[in-house]
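S.K.: Let the hints inform the model, and build the full structure from the sequences given.
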Amino acid sequence: DAGVTQTPRHEVAEKGQTIILKCEPVSGHNDLFWYRQTKIQGLELLSYFRSKSLMEDGGAFKDRFKAEMLNSSFSTLKIQPTEPKDSAVYLCASSLSGTAISNERLFFGHGTKLSVL
Amino acid sequence: GDSVTQKQGQVTLSEDDFLFINCTYSTTTYPTLFWYVQYPGQGPQLLLKVTTANNKGISRGFEATYDKGTTSFHLQKASVQESDSAVYFCALVVGGRALIFGTGTTVSVSP
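In order, the protein sequence lines correspond to chains Z and X.
For the first sequence, the positions run 1 to 117 when our numbering is used.
For the second sequence, the positions run 1 to 111 when our numbering is used.
FYI, nobody ran anything at the bench for these hints, they're computed from the structure.
There's no promise every hint is true.
As the list claims (entries may be wrong) - List time: in silico DMTMM-like cross-link candidates among lysine to aspartate or glutamate, alpha-carbon distance up to 20 Å:
| id | chain 1 | residue 1 | chain 2 | residue 2 |
| --- | --- | --- | --- | --- |
| 1 | Z | K78 | Z | D57 |
| 2 | Z | K85 | Z | E44 |
| 3 | X | K7 | Z | E104 |
| 4 | Z | K62 | Z | D86 |
| 5 | Z | K113 | Z | E11 |
| 6 | Z | K113 | Z | E24 |
| 7 | X | K49 | Z | E104 |
| 8 | Z | K66 | Z | E14 |
| 9 | X | K56 | Z | E104 |
As the list claims (entries may be wrong) - Facing chain X, from chain Z, some residues (calculated, C-beta under 8 Å):
| id | residue |
| --- | --- |
| 10 | F65 |
| 11 | A93 |
| 12 | E104 |
Glycine residues also receive a C-beta, built at the ideal position from the N, C-alpha and C atoms.
M.R.: Following this line, the structure appears as structure tokens:
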């Protein structure tokens, strides 16, 4: 079973650079989520897509963070421009869903660890 | 808005100790509550689900109980093993929205 695949596993960027993180959800899953993980804040929602439509956008992340679903099996998260405070683990998750209230069992990827210098 | 709070950032135990992690939540509607576990180098994975209907969930020796009166739910295990060392997140979902996670509790179990 192919789980959620995230690339790259590690990314190092200079302040001001543009970086793109990639995610392939579990085949057949309708919902896709991007979360940011830090020790202080835990998991914070960046974006939530259902069947490629944007359902939720994390309010604090709108200005420099943009997630897209190019098709049902591929998503990107662009950070532009990067800042040192963006250093964190970025997690992508998917779920089967299909109904309005079943965003329950999320399958997470291993994450991309981003370091901004 | 809807939120969950985990105040315990770190719990250190020895094998066979009792584990108890508490989480409180705030919402104006009826939530479904979860515990996720994250092992080193991996993404979080679902451990338990607790609905307001059954008040309790059990999986892999872990038990989660929900208390509507205090808007809290906790995770417990009678006897932890070193392999239970991980980060534990409580989470809630309301309606068709994305899961809202707590900040996580790091559990370290020494042999």
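S.K.: Take the hints in turn and mark each one as holding or not.
M.R.: A quick look at each hint next to the structure:
no. : hint             : in the structure
1   : Z:K78 <-> Z:D57  : 14 Å, holds
2   : Z:K85 <-> Z:E44  : 14 Å, holds
3   : X:K7 <-> Z:E104  : 23 Å, violated
4   : Z:K62 <-> Z:D86  : 13 Å, holds
5   : Z:K113 <-> Z:E11 : 6 Å, holds
6   : Z:K113 <-> Z:E24 : 17 Å, holds
7   : X:K49 <-> Z:E104 : 8 Å, holds
8   : Z:K66 <-> Z:E14  : 19 Å, holds
9   : X:K56 <-> Z:E104 : 16 Å, holds
10  : F65              : 15 Å, violated
11  : A93              : 7 Å, holds
12  : E104             : 6 Å, holds
In terms of the numbered hints stated before, the structure departs from hints 3 and 10, listed from lowest to highest.
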